[in-house]
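Colleague: Now for the letters of each chain:
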Amino acid sequence: MNRSNYDGDVATWSPEGKLFQVEYAREAVKQGSAALGLTSKTHVVLAALKRSHHELSSHTEKVFEIDSNMGIAIAGLTSDARALATYMRVECLNHRFNHGHPMITGRLVGQVATKHQQRTMSVSSRPYGVGLLVAGFDRNGPHLYETDPSGLYTEYHAIAIGSRSQSARTYMERHLDSFPEASMEELIHHALRALQGSANETTLTVENVSLAVVGKGVDFKVWSKSEMEPYIATLVAERGAAQGEEVIVEDIPLDEQGDEQ
Amino acid sequence: MTLYPTVTGSSVVACKYNGGVIIACDTLGSYGSLAKFKDLRRVVKANQSTLMAFDGEVSDFQLVERYLRDIAQEDGFHDDGIFQGPKDTLTHFSRVMYQRRSKMNPLWNNLVVGGWEDSEDRPFLGTTDMIGTMYEDNVVATGLGMHMALPMLRAGWREDLTEAEARELILETMKVLFYRDAWSLNRIVVATCVKGDMKIDEPMEMETQWRYQAYIKPPQ
Numbered sequence: 037m038n039r040s041n042y043d044g045d046v047a048t049w050s051p052e053g054k055l056f057q058v059e060y061a062r063e064a065v066k067q068g069s070a071a072l073g074l075t076s077k078t079h080v081v082l083a084a085l086k087r088s089h090h091e092l093s094s095h096t097e098k099v100f101e102i103d104s105n106m107g108i109a110i111a112g113l114t115s116d117a118r119a120l121a122t123y124m125r126v127e128c129l130n131h132r133f134n135h136g137h138p139m140i141t142g143r144l145v146g147q148v149a150t151k152h153q154q155r156t157m158s159v160s161s162r163p164y165g166v167g168l169l170v171a172g173f174d175r176n177g178p179h180l181y182e183t184d185p186s187g188l189y190t191e192y193h194a195i196a197i198g199s200r201s202q203s204a205r206t207y208m209e210r211h212l213d214s215f216p217e218a219s220m221e222e223l224i225h226h227a228l229r230a231l232q233g234s235a236n237e238t239t240l241t242v243e244n245v246s247l248a249v250v251g252k253g254v255d256f257k258v259w260s261k262s263e264m265e266p267y268i269a270t271l272v273a274e275r276g277a278a279q280g281e282e283v284i285v286e287d288i289p290l291d292e293q294g295d296e297q
Numbered sequence: 111m112t113l114y115p116t117v118t119g120s121s122v123v124a125c126k127y128n129g130g131v132i133i134a135c136d137t138l139g140s141y142g143s144l145a146k147f148k149d150l151r152r153v154v155k156a157n158q159s160t161l162m163a164f165d166g167e168v169s170d171f172q173l174v175e176r177y178l179r180d181i182a183q184e185d186g187f188h189d190d191g192i193f194q195g196p197k198d199t200l201t202h203f204s205r206v207m208y209q210r211r212s213k214m215n216p217l218w219n220n221l222v223v224g225g226w227e228d229s230e231d232r233p234f235l236g237t238t239d240m241i242g243t244m245y246e247d248n249v250v251a252t253g254l255g256m257h258m259a260l261p262m263l264r265a266g267w268r269e270d271l272t273e274a275e276a277r278e279l280i281l282e283t284m285k286v287l288f289y290r291d292a293w294s295l296n297r298i299v300v301a302t303c304v305k306g307d308m309k310i311d312e313p314m315e316m317e318t319q320w321r322y323q324a325y326i327k328p329p330q
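Those protein sequences? They're chains H and X, same order as listed. In short: position in the first sequence from 1, add 36, done, that's our numbering. In short: position in the second sequence from 1, add 110, done, that's our numbering.
The shape of chain X in the complex, shown without the other chains (with noise of 0.2 Å):
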């Protein structure tokens, strides 16, 4: 029976442009309040056209991420040349969310799933939680995230968004989280997917001010 989780990353923000999805995530590993681990990737190549982000439990992902090279594996041995899309990969682990919050055993992780539905020609977003809630949207965010960035995301969001107007609107969602959650980082991960082409960035360091009165002289 789980009861709370111990290795944990932060909020992860995506939303789709015209042609592609993009997610972004810090790379912090958080032991409760210290900051511990500094370059926790926290997106990755699910499949050969899907992208998966995760928050909450490290090693609990870590788990995920086997099935998913077993899930791959398999597709491999069925030498049809058909392998998991996005949708594919978004509802399978939502029925295996559920299915261990059944058994009051959850995967502690809110997953973020982003790619190109070939099977649709159309890019795809969507998330579960932690208890198999699923659904696809527009733009999506988890944790601190759906309270702070999607208001932003959400008012930003058109759907001829360019890829580099769906990155500045990511990344300024990135720099409020860092401002305001108390267990994010400055350095972040971007990924997009678009139609037979996906790219995990390496990480960034975002500029942030913090030079205010109110900080640099605090009032007595």
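Isolated chain H, as found in the complex (with noise of 0.2 Å):
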């Protein structure tokens, strides 16, 4: 993306009609690690690709409970992501307290949507650099939302959002008929298989990938290394029967900010 005169602030319009600063907080989430959502009849399922900055260092957490009943996947600034999932969380609390039972997930996305806006016309507070794909199962059923810094939001049935992410969105394109009758153990499969087209070389593994699964009468859990175990072996033998050969374990080079290549 090149510079450009009306750059300056978020309260400035280029002629084209685009706000920059908007877009170069788009652009944040673009480069964050991987991050996808599918849903079925009864369940959503979240996965993320981890990214560790140092080979001493634990991979980055991007998926988060906010409440039983719903959670979040991220792309983009964690710590700006860390900010709106605290927002989210004590919203979530509130309301149970003042009504009795747990949030509507669509109505905190539009709050959080609205959270996105406000920094989109304001002088004094710069964009979130940060995507959220928040899973929710309410009364009416399993929802995946996609929340993104303009303070625009959508309801999807399966997305993709960050590095790579247009490999996992193509594969969920192509599966999507399969996904409302799924069961919840096909439906993390799907999950694990799109965030493979967008790990692309690298090898999924307990450590680097995040998983989470919410729907009726589940709730949100971000799943454990163990829990995890067996799906990954299940992926990585089909990878390796695929592949006709011997799948190396890679992890993806780092520049020196300890962003990805």
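The set of hints was computed from the structure by calculation and includes no laboratory data. Quick reminder that beta carbons are idealized off the backbone N, C-alpha and C, glycines included. Do not take every clue at face value.
Between beta-carbon pairs, the in silico distance windows are [unchecked claim]: (1) X:Lys148 / H:Thr150: 43 to 53 Å; (2) X:Gln209 / H:Pro51: 47 to 57 Å; (3) H:Lys77 / X:Arg179: 31 to 41 Å; (4) X:Asp180 / H:Ser115: 36 to 46 Å; (5) X:Asp190 / H:Ser158: 26 to 36 Å; (6) H:Ala119 / X:Leu144: 58 to 68 Å.
Two chains, two frames, some hints: make the complex.
Modeller: Below, the structure written as structure tokens:
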């Protein structure tokens, strides 16, 4: 993306009708590692590729529980994401106390989108540099939403965001018809296969993958490494069989800021 | 700082039955010991699946009615087909009552909330007082009704009460309240709520018996 005369602050339009600061914020989301979500008639699955910025460091968590009926996967500035996650958690707690039941996912997403939008017309604050995939289950069934620094939010059957997310989206478009009736297990397999597309040559392991499910009778939970193990093993085996060769574990090379190349 | 109410409604009596909820109040608005307003409606439709009844200060409940309208309107704006149910309504207003008491300016009402809780597919009945004490129960009454109607309701209540049986039970308690509560009236409104349907009946006059020898010919 090129520098422009109209990208000084978010309160300035370009002659083409763009807000460059918002575009730049959306770029931060695109640079983050892949996160995806898919829905069936009964469940929502979130999966994300976790980066570790140093060989000695842990992999940065990308999926967060908000309440027992909803959670998020993020792409972009993790610190901005944590601020939004805290806001969402507090809203959910207050809603439970004041209304006697869990918050409706779509309504909270609308509130988050409003927070984003308010920062697209302010001189004193910058937009959040993070996109959220919000997975929730309420009386109307399972839901998956995407929010974005511009304040736009959309509901999806399946969506992927972040680096190389197009591969994941392509996989999901191809298999979309099988999602509604899929069991939770089948849905998870689809999520991991889609995520592998975005991971490219990197092998998915229990270290660099984050997985969460919410649905009918299933509270939102980020899965532990041991819980993911069988699904990761299946994926590795599938991939090995398809490639007809031994699979090498390879981490994504990083530049000096710790960002993915 | 609120010290005392001015125009008041008296007891509310309510109970669950098999498949629904029934609530009753008289139609009197008292101006102290003057029986001033004889057609006061103290049970209202709070929203699509909830009835709300009040005792205490009439003007304070008129504010509650405005809040109910605003909430329903905002729910409509979300365009997601989801509206407040009875549990939501009671919980919300309990918090409002508590907040007002914390500011030393309460809404001088006891609220009874009954309806069909869609999210749990069951009848719901509960109450909150003017300081935000909230609870749910199968039988609920406010004011003097707590002392006189509740024992009768508890004795007569069963899980499988039919609507007719519940109505009879409620009516008995309302009669007793008319006999003994000096600020009550024998003209009452009975309302019911079942899954998918709410009905607030037109006021009815209760038959009461006053022709006792002691009244006709008082002993000298």
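Colleague: Is 36 to 46 Å respected by the C-beta to C-beta distance linking Asp180 (chain X) and Ser115 (chain H)?
Modeller: holds (37 Å)
Colleague: For the hint 31 to 41 Å, verify it against the beta carbon of Lys77 (chain H) and that of Arg179 (chain X).
Modeller: holds (36 Å)
Colleague: Quick check: does the Cβ-Cβ distance between Asp190 (chain X) and Ser158 (chain H) fall within 26 to 36 Å?
Modeller: The hinted range 26 to 36 Å holds for Asp190 (chain X) and Ser158 (chain H), with Cβ atoms some 28 Å apart.
Colleague: Falls inside 47 to 57 Å, the C-beta gap from Gln209 (chain X) to Pro51 (chain H)?
Modeller: Between Gln209 (chain X) and Pro51 (chain H), where Cβ atoms are some 50 Å apart, the hint holds.
Colleague: When you take the CB atoms of Lys148 (chain X) and Thr150 (chain H), is the distance between them in 43 to 53 Å?
Modeller: For Thr150 (chain H) against Lys148 (chain X), whose Cβ atoms are near 49 Å apart, the range 43 to 53 Å holds.
Colleague: Just tell me: holds or violated, for the beta carbon distance of Ala119 (chain H) and Leu144 (chain X) against 58 to 68 Å?
Modeller: With a Cβ separation near 59 Å, Ala119 (chain H) and Leu144 (chain X) satisfy 58 to 68 Å, so the hint holds.
In summary, the structure agrees with every hint in the numbered list given earlier.
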